[in-house]
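Given these sequences and hints, build the entire structure.
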Amino acid sequence: MASTSQQAHVSFDEERRTPLKRFQQFLHANPTTIPFIVLALSIALFSAIVGGRFFHPFNLSLVLQQVTIIAILGTAQTLIILTAGIDLSVGAIMVLSSVVMGRLAVLAGLPVPLAFMLGLLVGVACGLLNGFLVARLKLPPFIVTLGTWSIFGALNLWYSASQTIRQQEVAEAAPFLQFTGTAFNFLGARITLGSILMLIIAAFIWYLLNRTAFGRHVHATGDDPEAAKLAGINVTGTLIAVYTLAGFICSVAAWALIGRIGAISSISGATANLDSITAVVIGGTSLFGGRGSIIGTLVGALIVGVFRNGLALAGADSLWQEFAIGLLIIVAVAIDQWIRKVSA
Amino acid sequence: MRPVLLSTAAALAVLAATALPASAETIVGLVTKTNNNPFFAKMKEGAEAKAKELGVTLSSFAGKYDGDNDGQVAAVESLIAAGAKGILITPSDTKAIVPTIQKARDAGILVIALDTPLDPIDAADATFATDNFKAGVLIGEWAAKTLGDEAANAKIAFLDALETQPTVDVLRDQGFMQGFGIDIKEPHRYGEEDDPRIVGHQWGEGAEEGGRTGMENLLQKDPDTNVVYTINEPTAAGAYEALKAFGVEGQVLMTSVDGGCPGVRNVQAGVIGATSMQFPLKMAALGVEAVAKFAEDGSKPEPTPGLDFYDTGVELVTDKPVDGLESITSEEALKLCWG
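Keeping their order, the protein sequence lines are chains A and B.
FYI, this note's numbering numbers position 163 of the first sequence as 240, with every residue one higher than the one before it.
FYI, this note's numbering numbers position 204 of the second sequence as 462, with every residue one higher than the one before it.
Think of the hints as simulated: they come from the structure by calculation, not from any bench.
As the structure is a prediction and not an experimental result, all values here were calculated from the model.
Honestly, I wouldn't trust all of these hints.
Unchecked claim - DEER-style ranges, computed between Cβ atoms:
id, chain 1, residue 1, chain 2, residue 2, range
1, A, L198, B, A527, 39 to 45 Å
2, A, P190, B, P357, 32 to 38 Å
3, B, P481, A, L198, 39 to 45 Å
4, B, K310, A, I406, 45 to 51 Å
5, B, E554, A, L364, 38 to 44 Å
6, B, E283, A, V410, 50 to 56 Å
7, B, G582, A, A121, 39 to 45 Å
8, A, A121, B, P481, 55 to 61 Å
9, B, E408, A, M194, 48 to 54 Å
10, A, L214, B, V356, 52 to 58 Å
11, B, R447, A, R417, 52 to 58 Å
12, B, K593, A, L198, 48 to 54 Å
13, A, P190, B, G582, 37 to 43 Å
Stated by the list, open to error - If you only want the chain A side, here are some residues facing chain B, beta carbon under 8 Å, derived:
id, residue
14, S239
15, Q240
16, T241
17, Q244
18, T259
19, A260
20, L264
21, I268
22, T321
23, R337
Stated by the list, open to error - Negatives, chain B to chain A, calculated, CB over 12 Å:
id, residue
24, N293
25, E408
26, T425
27, G464
28, G508
29, L511
Built from N, CA and C at the ideal position, the CB exists for glycine as well.
Okay, structure coming up:
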């Protein structure tokens, strides 16, 4: 009797584990596999179409420069999406912080480190406000950040008076703000300090998410807030911390933004919020919370960058860049839904 | 999306105005594309100053983003309801707004398009605008004359605004090509020309970041690029950052359009070789004046002879003037610039 039941059990197990099922299981455990495959395939594709001009260290490092800002905002967005939230205000926080840094340092003549710190503080304050509204007042994150997106945007318009501070003025009064634009050559590639900053932030958040109790709380909160609460996790505190940290990262992105464009411009980052969500989704993080990765987001941002750069070099109309990226988003979400069935 | 709150506040203000229909005041509506562009900020400033001077009430609206037709439709409808005498509008979607504009005109309102003509242009009672084609021609001619015989071997990068090719985008781009001596073929579209001197077109959404990314991609396509056309000065500033990063800023002629103060200072600094300056303050002031006059005696403004709109003028700004092309220096331009 015992042996037959065991046999039945074994055959049942084998039936469940078709190669496809096993692949699904594998993806569930390693959500960044697909983004990595897509990145490798898209690089191969454009190398084949465009040739050496595309697959050259210099051009690849250019793509890295082009995605740096969105990737930094993407790490902030990943944190929030892991808690099953969304942040539409990331771009607005970044621009507001950059305008505060620039105007205080260049126009108001404050010491540059102080202006820089105050700019960072603005980002933290914006994030704290988002977190408070989401966690304490229990308002839906989409609505909260839709509102604060407008509010931060209006504050930016009011404070900046829609005035641009030119690159030369920044270089004269506050070269530190452009520090992230500094570039160096490395094996034929041209790397900016902004890209290094992006890697440092990503490494820090990766460590936080994967090696600390806080990281486990973030995942648990996103997976099932009720269960997390029953397990003794301070869900409200975790959420406020996540939104505040995201605000801080956005203000660091402001530094990278100034480095990239040289100037302080109130019209930057108009679509940065949606671009950051695109990077997160293509990177395999689930919009339903609890599952995803920082590395995936970096790869997701790179995929978008490779498509834009590759199609531009191939001479394709930019509407096809949009088309391709839209397709990637839908495929990524479909794959995510399929993987989620493993746990169902 | 950002100025949602501002436009809501403005809408409430208009609702308040509707509640008091008996007042004899003349309401002038100003509907711009967005709030976050110094060009429109200057326009609003010019309209406000003129309205104050003439004792009329200005009611300002803006779309949420460049291309926001719905927001502009709502603004025009609110102004009709408020009993405005005239509407000054910089249309975001030059075709789609036309039926709504017709409703306003049917209600006896004088509609003047500022900066961007409607499509068709006679859908408005009058248009006060920069001759954007001429603005492009000026910088195109300047670039060709500066290069001299080398113009035949030029490599030209185009940094336009939007893939949807709004009228201003097309007029400036095609004007530049005409001025430079490129066969523009179909004048209502860019990108279909086959002149080998064209490196390519990229879209920077009129901002620095887009200008830099577009320039990087075109430099990757052709590192020998030596002429750059940009839709506006923020795009040019971003493109220049890319040129610097590639170490080729010395070999490239940068051209632009707008005449914003940061742009003019960039001409002075040698970032931009030449830019065509336009006059938003004048457009708006003239618009408010025209509405006030219309309210008084019912007369409508006339277009510039030979054109189908009132040309508010354009000046070539450069510190490297060329023979046979009238221009002003950056120093003179600093007294006239906006933003």
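Which of the listed hints are broken here?
-> Going through the list in order, the structure violates hints 1, 2, 5, 7, 8, 10, 11, 12, 13, 18, 20, 21, 22, 24 and 27 and respects the others.
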